[in-house]
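Position chain B relative to chain A; hints supplied.
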Amino acid sequence: MSYDKRHDGRKDNEMRPIEAKTGVIPNAVGSAYFKIGNTEAYAAVYGPRDLYPRFLQDPAKGLLRCNYNMMPFSGMGNRVRPGTNRRSKEISMVTKNALNPVVDLHEFPNAVVDVFIELPQTDAGSRCAGICAASMALADAGIQMKDLVAAISVGRVDNKIVVDLDYKEEAYDGPVADIPIAMVPSTGEITLLQMDGEVSKKQLMEGLELAKEALAEISEIQKKALKDKYNVVGEKK
Amino acid sequence: MNNEMKQHVVNALKKNVRIDGRKLVDYREITVETDIASTAEGSARVKIGETEILAGVKMEIASPFPDRPEEGAIMLNAEFLPMASPEFESGPPGMPAIELARVVDRGIRESGALDLKKLCIKKGEKCWMIVVDICIVNDAGNLLDAAALGAIAAIRDANFPTYENDELDYKKPTDKKIELTKTPIAITVLKIGDCLLVDPMHDEEASVDSRLTVTTTEDGVICALQKGGLQPILTEDVDKMLDLAMEKAKVLRKLL
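Protein chains in written order, with the working numbering: chain A, 1 to 237; chain B, 238 to 493.
One chain only, chain A, in its complex shape (with noise of 0.2 Å):
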């Protein structure tokens, strides 16, 4: 049986319904909220603050430094152990390197600034989720950036290439690639590529233009959720 219709009905380049907030984090200096289906992110920025232990720290440039976690009820199977364990510690290394090279902490030698990362919920694509979440975040803190950073996973799912794949399609009985990129939208730079499955090139490439659509899409609605925290009373939105 081929993977002709997706099982929730949406179309190729559909992806899921997706919520964004900033601000939800009071004591933060910067905090975001990012929803795609059932997967939740919370991103919260503290710093920049002094950073320790000391050979850390670089004279140069203030240090950006990611860490992502599952909540312990946030996993589709078993309680998720808290605490790191080898896939959030890759993940958050993936993270950090895909918003470095937007962020600029020039002005704050020595200095830290730290992006927590919390899944209250998954559904596949939380990495994704964590950057667009994280990236609001940095905004939110006033940290200067070239640009925000959007994430989204697309993938072959049978012979289908599709954005945003859900658990169901990642565990689908088939062939089935996974692709997980972030990108700069104006500048179109990938800041995080990685795959996992089989795939061809041809449907690679396929996947990466699907991507770029869903991305684009993606980017305005951080900006929307930016400018909405600073909405003026009265204004129209």
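Keep in mind that the hints were calculated from the coordinates and are not lab data. Just so you know, not all the hints are guaranteed correct.
What the hints assert, rightly or not - Ranges between beta-carbon positions, derived for each pair:
| id | chain 1 | residue 1 | chain 2 | residue 2 | range |
| --- | --- | --- | --- | --- | --- |
| 1 | A | K224 | B | E404 | 42 to 48 Å |
| 2 | A | D12 | B | D403 | 38 to 44 Å |
| 3 | B | K359 | A | N78 | 18 to 24 Å |
| 4 | B | Q244 | A | Y52 | 27 to 33 Å |
| 5 | A | K224 | B | P323 | 26 to 32 Å |
| 6 | A | D50 | B | L467 | 26 to 32 Å |
Said to hold, decoys possible - Some chain B residues flagged as far from chain A (calculated, every beta-carbon gap over 12 Å):
| id | residue |
| --- | --- |
| 7 | Q244 |
| 8 | N248 |
| 9 | K251 |
| 10 | K252 |
| 11 | R255 |
| 12 | E308 |
| 13 | R346 |
| 14 | L351 |
| 15 | K360 |
| 16 | E401 |
| 17 | T411 |
| 18 | K428 |
| 19 | C432 |
| 20 | E455 |
| 21 | L467 |
| 22 | L492 |
Note that this is a predicted model, so its numbers are computed, not measured. For each residue, glycine too, the CB sits at the ideal point set by N, CA and C.
What follows is chain B alone, placed relative to chain A:
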């Protein structure tokens, strides 16, 4: 915290007002939402003013403890996520997180609201283990009351997953609920100077002389206590604190 801030808090209290203008015995606005995480068997979000916590219930199959072969188990854990406050750090739970989890756990366990025998699947071999995780989203004070309320709301919201032929299927929730015969509510009463107050904000917590967390059920039974703070309290204080906690518990219980 600096002395000036503490002095400010104390001076305001002497005039019977809080730094945010509330009365001593008033809570900030409280909201309780349930079913906020599809991946959890039960979940809740509690907001008290700017304090926000999420509670999630996961249900696992475990072996009963050897000394209680006919009982299931409940475990309560709190994560003071570093996103929630500049004072929280990554890593294993610190003392405040451990204390919070243990006090909330005691309140539920000792209230007898949960019949652990009903969680036994096969004597001495298999039972349900209920794991309640509390994650702090934003700490603006009074985490304990929020956590205790969230834990109960999440447990009430939970549905057992399907368990057939030794296989657990989280994707197929059943209609079966976790039976709670009572509703334990934790209220923390603070003593600062001669004043007793509830629902402290962060600066008030930092100025505290002593505090008492009182967990009660609707039939007026006290099922857990925890005294905190560095200063001692007197019997008369306990008397007043209990009255205040029991009165406030009635109000919070109505929110569930």
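Do the hints match the structure? See the list:
1. Hint check: A:K224 to B:E404, Cβ distance near 45 Å, so the stated range 42 to 48 Å holds.
2. Take A:D12 and B:D403: their Cβ atoms lie about 39 Å apart, and the range 38 to 44 Å holds.
3. Distance hint for B:K359 and A:N78: a CB-CB separation of about 20 Å, consistent with the stated range 18 to 24 Å.
4. One distance hint, 27 to 33 Å for the beta-carbon pair B:Q244 and A:Y52, holds here, with the actual separation near 31 Å.
5. At roughly 28 Å, the beta carbons of A:K224 and B:P323 sit within the given window of 26 to 32 Å.
6. Judged by the Cβ atoms, the range 26 to 32 Å given for A:D50 and B:L467 holds: they are separated by roughly 28 Å.
7. No beta-carbon of chain A comes within 12 Å of the beta-carbon of B:Q244; the shortest separation is about 23 Å.
8. With a minimum CB-CB distance of about 25 Å to chain A, B:N248 clears the 12 Å threshold, and the non-interface call stands.
9. Separation of B:K251 from chain A is adequate, the least Cβ-Cβ distance of about 28 Å exceeding the 12 Å criterion.
10. The Cβ of B:K252 lies farther than 12 Å from every Cβ of chain A, with a closest approach of about 26 Å, so its non-interface assignment holds.
11. At the 12 Å boundary, the C-beta of B:R255 stays outside the reach of chain A, the nearest C-beta of that chain being 18 Å off.
12. No beta-carbon of chain A comes within 12 Å of the beta-carbon of B:E308; the shortest separation is about 20 Å.
13. For B:R346, the non-interface assignment is confirmed: its Cβ lies about 19 Å from the closest Cβ of chain A, beyond the 12 Å cut-off.
14. Distance to chain A confirms B:L351 as a non-interface residue, since its nearest Cβ pair spans about 18 Å, more than 12 Å.
15. Look at B:K360: its CB is around 24 Å from the nearest CB on chain A, clear of 12 Å, so calling it non-interface holds up.
16. The beta carbon of B:E401 is kept farther than 12 Å from every beta carbon of chain A, the shortest such distance being approximately 16 Å.
17. No Cβ of chain A approaches the Cβ of B:T411 within 12 Å, the least distance being about 17 Å, so the stated non-interface status holds.
18. Interface exclusion of B:K428 from chain A stands, the closest Cβ pair being 26 Å apart, more than 12 Å.
19. Every beta carbon of chain A lies more than 12 Å from that of B:C432, the smallest distance being close to 26 Å; the non-interface claim holds.
20. The Cβ of B:E455 sits about 27 Å from the closest Cβ of chain A, beyond the 12 Å cut-off, so the non-interface label holds.
21. Separation of B:L467 from chain A is adequate, the least Cβ-Cβ distance of about 25 Å exceeding the 12 Å criterion.
22. With a closest Cβ-Cβ approach of about 21 Å to chain A, B:L492 is found to remain outside the 12 Å limit, as its non-interface label requires.
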